[in-house]
Structure formats: C-alpha cells, structure tokens
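Engineer: Sequence:
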Amino acid sequence: MRPFLLVLAKDLLRKLRSPLASIAFLLFPIIFSLLIGVTFGGRGGKMAPIQVALVDEDGGLVARLLRSSFTQDRMPQQFDLRLVEAAEAERLVEKNKVSAIVRIPPGFSDSLLDARPTRLEVVKNPAQSIYPQIVEQVVKVLGRLGGSAVRILEEPLREIRGSVDSGSLPSDAFVSRTSLLISHRMTAVGRYAFPPAVRIEKPASGEAGEAGEGDGVAPFRVALYILPGMAIFSLLMLALSSMADFQREAQAGTLARQFASPVGGGSVVLGKLAATWVLSLASIAILSVLVMIWSDGPIGFAAFILLSIAFALAATGFAAVLYSLFRSERAAGAFGSILVIVMSMVGGSFVPLEMLPDFIRSIAPATLIYWGAEGYRNLLLEGAGLRVVGPNILVLAAVGMILSAIAVLRFQRRYVRGRGD
1 MRPFLLVLAK DLLRKLRSPL ASIAFLLFPI IFSLLIGVTF GGRGGKMAPI QVALVDEDGG
61 LVARLLRSSF TQDRMPQQFD LRLVEAAEAE RLVEKNKVSA IVRIPPGFSD SLLDARPTRL
121 EVVKNPAQSI YPQIVEQVVK VLGRLGGSAV RILEEPLREI RGSVDSGSLP SDAFVSRTSL
181 LISHRMTAVG RYAFPPAVRI EKPASGEAGE AGEGDGVAPF RVALYILPGM AIFSLLMLAL
241 SSMADFQREA QAGTLARQFA SPVGGGSVVL GKLAATWVLS LASIAILSVL VMIWSDGPIG
301 FAAFILLSIA FALAATGFAA VLYSLFRSER AAGAFGSILV IVMSMVGGSF VPLEMLPDFI
361 RSIAPATLIY WGAEGYRNLL LEGAGLRVVG PNILVLAAVG MILSAIAVLR FQRRYVRGRG
421 D
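Residue numbers for the sequence shown follow the working numbering, so the first one is 1 and each next one is one higher.
For the record, the hints were derived by calculation from the structure and aren't laboratory data.
In this text, all values refer to a predicted model and were calculated from it rather than measured experimentally.
Don't be surprised by glycine CBs; every beta carbon is placed ideally from N, CA and C.
Some clues are possibly wrong.
Unchecked claim - Lysine-lysine pairs mimicking DSS-like chemistry, simulated, CA-CA at most 27 Å apart:
no. : residue 1 : residue 2
1   : 140       : 124
2   : 124       : 95
3   : 97        : 140
4   : 97        : 124
Claimed, not checked - Listed next, with one range per pair, are the computed distances between beta-carbon atoms:
no. : residue 1 : residue 2 : range
5   : 339       : 388       : 24 to 32 Å
6   : 330       : 95        : 34 to 42 Å
7   : 386       : 124       : 38 to 46 Å
8   : 144       : 383       : 28 to 36 Å
9   : 80        : 13        : 55 to 63 Å
10  : 285       : 402       : 22 to 30 Å
11  : 105       : 406       : 54 to 62 Å
Put together the whole structure using the sequences plus the hints.
Structural biologist: Okay, structure coming up:
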C-alpha cells in the first residue's frame, strides 16, 4: 500500500504544480453554461424574439390567419416576422439574419378550405440549433390545429366558401344557418375541446418571483440544464489530459526508473490511475459548489456522491484504455478528443437528446456521456433519488472497473514486462 500511496502523492503533486490545464477544463463548462443561461434565460426568463422570414405565395384568408397567429400575445414565444419574397428569405438565411423560413405555397387557402391535402414548408437555418427547432414545432402545432378545424367545420366552411366565390353579400338566412352549423359542430366536440386541457396564462410579476422564475433566476435554471452535459464532456477531456502522463514520462525516461525502483510496476500503474480518479473527483466537487448555488431544489446527496465516484472511475478507465492502445501521446490525444466529441454529440451533451433523430437516440446509451449527463440531470432538475439514478451508477461503475482492469493489464504488459503490442 505504501508504494501505491507514494506514486499517487507524487502524481497529484505534479498536477498541482501545473494546474492550468485542469483549470481550463473546469472553467469551460461553467462559462459555456452561463453564456447559454444568459442568452436563453434572459431577464425574467424571456428569450429574445425569434427572427422568421415568411414567404406568402398564397395571399388567401387562411394564409392571413396563419400570419397573424405568429404575433398573438399568448404565444409562448415571441416571433419577429418578416414578410419577404423567396429570394430575399434565402439571402437572410445565408447571412444568418433569420432562424427559419416559413413558406405558404400557392393555393394553400383554397386547398385547406376544400379539405384537400396541402402543406407548409419550413426551411431551418443550419447555423442555428434551438430557434429553428422552435419554429418547426410551432408550425407543426398550427398545422395540426388547422387540419383538425377543417375536419370539424367542413360543412360550414363549404357554405362560406360558396358564398365567397359567388361575390355577393351573404343573406341573413345564410348567416343564421352557417352560425347554427358552426355551433352544432363545436357542441359535438365540446366535451373534448372545452375547457382546454392546457391553458397559457401570463402570471403577474409577483407570482413569477414567488415561483422562482424572476429576474436573475431563469438564467441559472437554464445554465443548470446545460451544465451536466458540458461538465461530463470537460471531465472526460481532463481525464485524457491527466492520463497522458504515461507517454510523457515514458519519453522522458522517468517511467523506466520508477519500474526499476523497489516501488514495483503494479503500484506505479495503479497509482497513476488513482491520481486521475482523484483529480476527476476533485473537479466534480468544485463544480458541485456551483450546482448547490444554482439549484433551487433538494438534491439527493448520497446519489450525487455515488454517481460522481462511478463517473470518475468510468472516465479514468476510458482514458487509461485509450492511452494503453497508443504509443504516441499525440495520436492518443487526437483520437481521444475526436471520440469524446462524437460521444458528446450522440449522448446529448451538446444537443438535448429529445432534439436528436430517433436513430441517434437509440445508440446514445452506448456512450458514457449519456449515463453521466442523464444521471446528473435527473438529480439536479427532477429531484430524483438513488432509485432513479441507480442504473446510471451501476453502468458507470461496471464500465469503469472493466476498462481500468484492461488498462492495468495492458500497461503492465508494455512497461513492466517490457513487451510490445
């Protein structure tokens, strides 16, 4: 045990003497999360208006109603709508001036009123990620509402359409008959539509403050959602940087001297792995201070500690196995960075899982990012306990132990026994 502790203390002391890399990896998730929180949390939790280019090639009644729906006061998100031509809309997207283009094709109103299939087109700005998705979801909702309304009011709409096409003013009898038809149809669906299951209400300023969504709170809530994924990404990168000591000391010749000393090769390998594990845990402990400050709800302390220990072990095992496969520090670092970035994209670190395609979501559980980020989000945002994040802890711990054991065997084979692979 003493040789192992000596190696562990030596490696930790070396890392303390050059802490810039560790500090950089710790600052990245904090700064990035705060920037996202300030950008999308805003003052009082409001997001900036979404810029949308509307190309109306129809000009009919339904098209005008659709245009006005984007500017309703009760919209959960405000839109800044620009009515432009198709060429101008494409130019705005290329210059990153709008988040999306909504195109109303010719004949849209006529097709909808005649209950014939039609469509709305949404062109998303590839330079943005969240705002275009919001526009797409809003258009989908409006499309479903419009389609349902047409099916429910098909008969009165047919009457209205005939009156409009005739060009004459509708008679009193026509207005009465049409009103009765609409009333009968709405009464038939009243048990499902009235009152609505979900209502959008604008709370008073005092209520917003009581709910914890007032000025200065919403940005931290958004940042708290972003922080777990970005922290997991940074911790994996930090583990890779720490484990690079194997190649650095091997090239400097100090590793060979340690193996030749009475300390023993096994203690050297285990001590270096333990140093990375302790560094990861220390980083999580520092980040947890911010978590406690930003969070406005209870956090399962035991589950948080166990999840942190398990993820630190998994990060250590991942970095150790990766460096055991390469003899060059540069090659291992480059491949490891690419692998972590890919895992972060697939596992929901950079983009929320619910915004990813079904195929990507199906392979997300094959990444360490998924089990770590989802576990922390459940703890911090959902108030989950050990029962919910237990599977995350077990998977990360098992993967960490298996990868660490493989790395120890490979390092012993390479450095202790002096065999190449």
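Engineer: Each of the hints needs a verdict: does it hold here or not?
Structural biologist: These are the hints, each one checked on the structure:
no. : hint                   : in the structure
1   : 140 to 124             : 14 Å, holds
2   : 124 to 95              : 13 Å, holds
3   : 97 to 140              : 23 Å, holds
4   : 97 to 124              : 12 Å, holds
5   : 339 to 388: 24 to 32 Å : 28 Å, holds
6   : 330 to 95: 34 to 42 Å  : 39 Å, holds
7   : 386 to 124: 38 to 46 Å : 40 Å, holds
8   : 144 to 383: 28 to 36 Å : 32 Å, holds
9   : 80 to 13: 55 to 63 Å   : 56 Å, holds
10  : 285 to 402: 22 to 30 Å : 25 Å, holds
11  : 105 to 406: 54 to 62 Å : 58 Å, holds
Of the numbered hints listed earlier, not one is contradicted by the structure.
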